[in-house]
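Undergrad: Sequence:
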Amino acid sequence: ATGITSTPVGFKNYIDIVRNQTIMPMLSSYLIKMVVAVPLIVVFSLIIAMLINQPIKGKGIWRTIFFLPVIISSGPILSELTAQGATGLPSIAESGVLEFINNNLGEWIANPLESLLNSLLLVLWYAGVPILIFLAGLQKTDSSIYEAASIDGAGPWERFWKITLPSIKPLISIVIVFVVVNMSLQPEEGSVIIQTRTIMMLDKTVAGTGMLSGYGAAATLSWIYFFLMIVVMGVFIGLISIKRKEPKR
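Take the numbering used here: the last position of the sequence shown gets the number 761, and nothing is skipped along the way.
For the record, the hints were derived by calculation from the structure and aren't laboratory data. Even glycine gets a Cβ: it sits at the ideal position worked out from N, Cα and C. The reader is advised that the hints may include incorrect statements.
[What the hints assert, rightly or not] 25 angstroms max Cα-Cα, derived DSS-like pairs, lysine-lysine:
#: 1; residue 1: K524; residue 2: K652
#: 2; residue 1: K652; residue 2: K681
#: 3; residue 1: K674; residue 2: K652
[Claimed, not checked] Label-pair distances were calculated between CB atoms; the ranges are:
#: 4; residue 1: I663; residue 2: I749; range: 16 to 24 angstroms
#: 5; residue 1: L751; residue 2: I657; range: 50 to 58 angstroms
#: 6; residue 1: P520; residue 2: K652; range: 17 to 25 angstroms
#: 7; residue 1: K674; residue 2: V547; range: 23 to 31 angstroms
#: 8; residue 1: T653; residue 2: I527; range: 32 to 40 angstroms
#: 9; residue 1: P668; residue 2: A731; range: 49 to 57 angstroms
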């Protein structure tokens, strides 16, 4: 009986990807974009959650407003915004920030930053779920702890560092994992996801032309992409796990 036969190629696919002049810039661009976007989304989400958690009227309405983009993003509206290039802030281009980045930074870091700024609204679009996660954590913190700290003379900054932040640290790890995975799976133009699909669709007859092709190369790129996702998540979670040393009195 005959079946599917395969020939082990060792690390050939990995070597081909490292030498590929199209994919490696995509991977470096992905890393730089994650380094900038993940802290931005986490900080923005935490600030908004803390503001909504204040004693204000219409908390449910504000929660709905910030979560609404998450629902819309699964439909054609987000695709239309991306196609029309309406995911950036006009004030960024008008203020000369993009021009400064292109003139003063290297191409390998300027291109990812420019791409991030041009899709800044899209990045903040992902903040809906993290805001709800942080808000749930903040509402579970006993308000009497804050009252006791205020009586002892603790200011807003001290209450944040010594009460709020320690209480939501586990949630920050969850938010980091969610943001990294969610942003990594977005099939935007020029992303590694699109490149992987393209490689899978290419016929093996183009293998001699220097182009990556076939399921083997696509699987290799997927493993590299997965490894980079784990590295990014590990670095950020490791950073927030560092314990702050209290000054000796």
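Undergrad: Each hint should be assessed against the structure and marked as holding or not.
TA: Outcome of the hint check:
For the hint pairing K524 with K652, the CA-to-CA distance comes to about 52 angstroms; that exceeds 25 angstroms, so the pair is violated. Between K652 and K681 the alpha-carbon distance is near 13 angstroms, which keeps this suggested pair within the 25 angstroms criterion. Proposed proximity of K674 and K652 is supported: the alpha carbons are some 16 angstroms apart, at most 25 angstroms. Range check, I663 to I749: about 34 angstroms between beta-carbon atoms, so the 16 to 24 angstroms window is missed.
Separated by about 25 angstroms at the C-beta atoms, L751 and I657 break the suggested range of 50 to 58 angstroms. Under the hint 17 to 25 angstroms, the C-beta atoms of P520 and K652, about 53 angstroms apart, miss the expected range. Between K674 and V547 the CB atoms are about 28 angstroms apart, so this pair conforms to the stated range of 23 to 31 angstroms. At about 51 angstroms, the beta-carbon gap between T653 and I527 misses the expected band of 32 to 40 angstroms.
A hinted range of 49 to 57 angstroms for the beta carbons of P668 and A731 is consistent with their spacing of about 51 angstroms.
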